[in-house]
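**Student:** Each number in our numbering corresponds to the 1-based position in the sequence shown with 153 added.
Hints listed in this document are in silico derivations from the structure and should not be mistaken for laboratory results.
Cβ-Cβ distance ranges computed for the label pairs, FRET-style: (1) Val213 / Tyr246: 18 to 28 Å; (2) Gly185 / Lys244: 13 to 23 Å; (3) Gly219 / Asn198: 32 to 42 Å.
Below, a list of computed lysine-lysine pairs in the DSS-like style, where the Cα atoms sit at most 30 Å apart: (4) Lys244 / Lys220; (5) Lys158 / Lys220; (6) Lys161 / Lys220; (7) Lys221 / Lys244; (8) Lys220 / Lys181; (9) Lys166 / Lys221; (10) Lys221 / Lys161; (11) Lys173 / Lys161.
Just so it is clear, the structure is predicted and the values come from calculations on it, not from any experiment. C-beta: ideal position from N, C-alpha, C; glycine also.
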Amino acid sequence: MSKKKEGKFQVLKTVVVGEKNELHLLGKLREGNLAADWYINIPLNAAISVTIRITSCEEVETPEDGKKYTLLTIATEADMLAIFGQVNLEKVYCLVSADGEN
154 MSKKKEGKFQ VLKTVVVGEK NELHLLGKLR EGNLAADWYI NIPLNAAISV
204 TIRITSCEEV ETPEDGKKYT LLTIATEADM LAIFGQVNLE KVYCLVSADG
254 EN
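Between the sequences and the hints, there should be enough to build the whole structure, so can you do that?
**Tutor:** Structure representation (structure tokens):
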């Protein structure tokens, strides 16, 4: 992960789409900016985090409450999806950077 933080994203809900090898993160940008092809640092626990490229980023509105959220799509491999499926990411804060490595 880059030393320069561009933003902070709070995950509110996660969805794993195994058939497409995608992780979807619904949440709110709490600080700064984020964009597709940037990198998000997702903490798996207190000691381990994963930096991964954001495939797409879009604003969405939920029909239940009419609130606007940010939906991030992350394309990844099946083994990483299995890990994300085992970790509770709700209410987790993730740092976002314009540069990094998968």
